[in-house]
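As a plain string of letters, each chain reads:
6 protein chains.
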Amino acid sequence: MPVVVRNIERADRAAIDGLAHAGVATVHEAQGRIGLLTHHMRPIYPGARIAGSAVTISAPPGDNWMVHVAIEQLKEGDILVLAPTSPCVDGYFGDLLATSAMAHGCRGLVIDAGVRDVRDLTQMGFPVWSKAVFAQGTVKATLGSVNVPVVCAGAAIEPGDVIVADDDGVCVVKRADAAAVLRKAQEREVAEEGKRKRLAAGELGLDIYDMRGKLEQMGLKYV
Amino acid sequence: MPVVVRNIERADRAAIDGLAHAGVATVHEAQGRIGLLTHHMRPIYPGARIAGSAVTISAPPGDNWMVHVAIEQLKEGDILVLAPTSPCVDGYFGDLLATSAMAHGCRGLVIDAGVRDVRDLTQMGFPVWSKAVFAQGTVKATLGSVNVPVVCAGAAIEPGDVIVADDDGVCVVKRADAAAVLRKAQEREVAEEGKRKRLAAGELGLDIYDMRGKLEQMGLKYV
Amino acid sequence: MPVVVRNIERADRAAIDGLAHAGVATVHEAQGRIGLLTHHMRPIYPGARIAGSAVTISAPPGDNWMVHVAIEQLKEGDILVLAPTSPCVDGYFGDLLATSAMAHGCRGLVIDAGVRDVRDLTQMGFPVWSKAVFAQGTVKATLGSVNVPVVCAGAAIEPGDVIVADDDGVCVVKRADAAAVLRKAQEREVAEEGKRKRLAAGELGLDIYDMRGKLEQMGLKYV
Amino acid sequence: MPVVVRNIERADRAAIDGLAHAGVATVHEAQGRIGLLTHHMRPIYPGARIAGSAVTISAPPGDNWMVHVAIEQLKEGDILVLAPTSPCVDGYFGDLLATSAMAHGCRGLVIDAGVRDVRDLTQMGFPVWSKAVFAQGTVKATLGSVNVPVVCAGAAIEPGDVIVADDDGVCVVKRADAAAVLRKAQEREVAEEGKRKRLAAGELGLDIYDMRGKLEQMGLKYV
Amino acid sequence: MPVVVRNIERADRAAIDGLAHAGVATVHEAQGRIGLLTHHMRPIYPGARIAGSAVTISAPPGDNWMVHVAIEQLKEGDILVLAPTSPCVDGYFGDLLATSAMAHGCRGLVIDAGVRDVRDLTQMGFPVWSKAVFAQGTVKATLGSVNVPVVCAGAAIEPGDVIVADDDGVCVVKRADAAAVLRKAQEREVAEEGKRKRLAAGELGLDIYDMRGKLEQMGLKYV
Amino acid sequence: MPVVVRNIERADRAAIDGLAHAGVATVHEAQGRIGLLTHHMRPIYPGARIAGSAVTISAPPGDNWMVHVAIEQLKEGDILVLAPTSPCVDGYFGDLLATSAMAHGCRGLVIDAGVRDVRDLTQMGFPVWSKAVFAQGTVKATLGSVNVPVVCAGAAIEPGDVIVADDDGVCVVKRADAAAVLRKAQEREVAEEGKRKRLAAGELGLDIYDMRGKLEQMGLKYV
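Read top to bottom, the protein sequences are chains V, D, F, R, C and L.
Numbering of the first sequence is given in this note's numbering, commencing with residue -5 and proceeding in unit increments.
Numbering of the second sequence is given in this note's numbering, commencing with residue -5 and proceeding in unit increments.
Numbering of the third sequence is given in this note's numbering, commencing with residue -5 and proceeding in unit increments.
Numbering of the fourth sequence is given in this note's numbering, commencing with residue -5 and proceeding in unit increments.
Numbering of the fifth sequence is given in this note's numbering, commencing with residue -5 and proceeding in unit increments.
Numbering of the sixth sequence is given in this note's numbering, commencing with residue -5 and proceeding in unit increments.
All clues given are correct.
Taking lysine to any residue and the SDA-like style, the derived pairs with C-alpha atoms no more than 25 Å apart in a straight line are:
1) 134/L / 207/F
2) 178/R / 114/C
3) 191/R / 117/C
4) 208/V / -5/C
5) 178/V / 143/C
6) 134/F / 204/D
7) 215/V / 198/V
8) 178/F / 6/F
9) 215/C / 202/C
10) 208/D / 204/L
11) 168/L / 9/L
12) 134/D / 142/C
13) 134/F / 194/D
14) 168/V / -1/V
15) 189/L / 99/R
Computed beta-carbon distance windows for the label pairs:
16) 181/C / 213/F: 19 to 27 Å
17) 1/D / 196/V: 18 to 26 Å
18) 200/C / 70/F: 48 to 56 Å
19) 195/V / 3/D: 27 to 35 Å
20) 187/F / 188/C: 49 to 57 Å
Some chain D residues close to chain C (C-beta under 10 Å, calculated; not the full set):
21) 56
22) 79
23) 80
24) 84
25) 108
26) 130
27) 131
28) 135
No wet-lab data here; the hints were simulated from the structure.
The beta carbon of each residue, even a glycine, is placed where N, CA and C say it ideally should be.
Next comes chain V alone, as it looks inside the complex:
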């Protein structure tokens, strides 16, 4: 059963970069409020906003052997996505693995477990979204798989899906949907810009979105 899938398809690079620019909240809305990883996935430092193709890792608890295997499968613009096979907070990943991943084009790591050497990772500019920061070391004793479908932090992710991550968390976009979601995200951004100006000028959402009638009809009372 342990397997490494070598050739995975990836989404169009321009679409991926466009999704990075849109950011997690907009992308999540644009694709119908789906695809978010759980809110316990937090960045190790603020300010990063990236997107890339998922190279997935299914790894046993406390065993980071498959990370080495996965790094060989990276292409420029990829993001490593690690889902442990049972709940774990160990530090699978640190500055040496980040050095190696960066050398192979990796843009960041999404891991439903722990990470360590966060000071070094911050200085290297290698962003990580994780469940925990924990120095606990791991072994290299049991196989896992690379580039198989995983459930990571509550979201189903297939290799080659687009991962978008920023200060709001992490969102996955199905590879085949990348272009369409980008289009909707951009439409949303344009629409929001107009609303932002009106709201900044003091207009109320109640009026812009014409909510007063509906609220009254549903029974809201002002006293």
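Fit chains D, F, R, C and L to the given chain V structure using the hints.
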């Protein structure tokens, strides 16, 4: 039952601003160690220290309709306080709502749920204390209430109560107690200043507070 | 039973400072992947990296009396380690106690409970690793002990043991092992430097660590 | 500030007993989906279903002195409600206190903290809803208050309010609302009985509640 | 996007019943240690052991409308599987819905949220595995979907997959794998029977599984 | 470093059995309110009350190899105590291991991780106190140690220490203290018996323990 209370009383502006200056820990002590919201309420960025009058929102889980309703009730210097009617981490609030709230004088948001667009909110200087950062979108389908008493993160809050928030968390001061609490807070600050100097000079709390006799009498042994 | 042990042995100062330089992850690995405190122990601000001798405090929940007692026992280069006798998140420690502890040579605080005045502590450069930030005040009513063995955040700590703390968390090194662990940590740092260069140049861990044969033998399939 | 309020008003005994019979879920619905304590409040044994008047206790963490004080204030049919002043799981209450409370007419305990001697309490038939089962002992060193308003497990409770508790958890009914809520609860029970029969016979909620048109209009597609 | 898929394929009834008999731990092992839902999924009463075909529900937080829709899609031997679109503990399901589901052949409910009326459900013999017991009522305001792929409590589940649930928790078996997994589960049960007898007679796993040589070779020391 | 200590000392059998009879809460109090394991350690079924000598296991996350090694070290009346080297909820232990452990005199298992086959374990009458019930299978790939000091669920435990466990949780008594703690526990039981009768007769703790003066002196007001 869904209701919006339009005219609420607020505490004196100078008292509110004085409480902001004193900060959460001092205010909490000054009023007898009461009024703190649970420790899971964390700021989205460090350094903010605010106080304001609570405009409260009781909202269904995953439904931010009442935030739009509440914004119309804001006056200069208010703070939005949102308590979901059941545990929820969804992102009720983002940069558009913050734009609108700021345009109506709002100083910040305290929400026992999630918030999103935190990078934008940070850049806008709109502080939020929340239970989670989560991009999960919400609907506008079910009514709630505005300016009713709520329990938010373990604290009972009435509309018009003074909210104090900083890096230590969030504290509520009953509206009618604002001036008295401020007075005690200022006395406390003065008293602490003197102690701080003595402690910095190496004097021990054991001596300053005359604890040695009591400790010995209660049975503390030095070996 | 409440007792204060006045004279504790400490490790060699140079060894302690060397361990600080190595950092938590390296020290933890160097001593055989032991000694970590639980991952819920987080720094109140990023960037601090310290080591020092543990002055331990066993304190009742919500009672910080023993902190005053412990400060008298501090020597230059010590770190306060507080373990509550039952789970607690109250704010045992703030800027006044930090002022006092710093005046007595204390390098920081490790507390399996809450801390407050974190803005002041940050400005003072007094680092704290805690389970929570919480302004909740404490009483001075019940005795505890100082410089007795404690279990703090899952780790057994004896007075005089070396505490190492940085952005990755907190690790304890037995006093008697400090020099040996430092030696291994330094060897590890040297070895890692070489690997870091090879990895940065694009060499794979699979090759550097000669993993391919073992992976194949255990049944890993590439497809 | 520490105070014991001796004479509190209680709701009508028949209304209280009627609410016990209706149970938590029905009472919660009957009063408009309010009043529930958080879901971490669990019974120590299954099968109990009680209601009674709240005698409230605000107690410091790890200090059960006020329980003794509260027991003197009990009347036949009361329920003790303990809210610690900060998060705590210590075992404030065991078989001796239960013996004493039962001798004074107490029907049970609702505590947002820990309880111990649960085997004995089960054999005595003294029901407890708590956040934890934990043998951790407490001290008698710091005052609290009895029969003051508290927030217990997320719900605002005043002395004399009606507490309803069963396997579904705990709900509070404002004292003045007891009779009205009972009436609505009984109407709800009657209405549910009819629906239960139709549903048991295989009729669908979709038809009984006439939902199909609304669902279609909102855009639900069958494929 | 809200959709109800009416005709789903189900696994062979005999295979399903065989998997129920084998139980969660054996099925999980037989299919290669995959398919478990998170350990927070607990039964509302002990002793139930069931298997059935998943009728899946993707529902908004605090909104149980889609449960009514799903019940119409049930066939004899099915199990309802509800995954909220964001974390939620509300009580989506109680005795009326259970009455309706049972009338349509439902064997139980698996819900990554709350359930209520657990005393009634226990008496009816309708088993539920849930994240919480909570009486919190829900609304019927927003659409979701029925019989679409979901991630429930960390496991990817497709409609028609086989759900196995007992006191150990919940496991999912891909529909197409049901027969093969059953075969392996039965082989495992036979093999375990022999081992159980030898172990009961005092033979050691160290000898039965021939572990001594491997342990020694890896460096285990006896002192 | 991986080591098995073969000959450990155990406490006197009669003292151990006496401690079992006294139970967790009494033993914990008798030894000065120390020794409790965290409250997340819960029994898999109610009613068991045992004591025995600890045979300790330090095991990697998700790896139960050392359980087999430990079983060979069991003597009649022992209790297995497993502490994972990092947080883990996997099911290290099920009915086969219980069969083996029982054949070697084991009275139960205390594990700061998961357990499975709980229905079988219940029927066999093999009690377990654990952090989780979870069917997740484990591997046999990495060494650990047997009969070394561990920190299990927050308590420091040495091999041969006495473990007491019942419905209230788990407590450890230092081997050398067993007889003395038993004596104090028995004195406590005698003293409690007298108090229980007085309390059952309606006497108040306020009077039995003569608390009224102290309460008044500290400032408690009755209104």
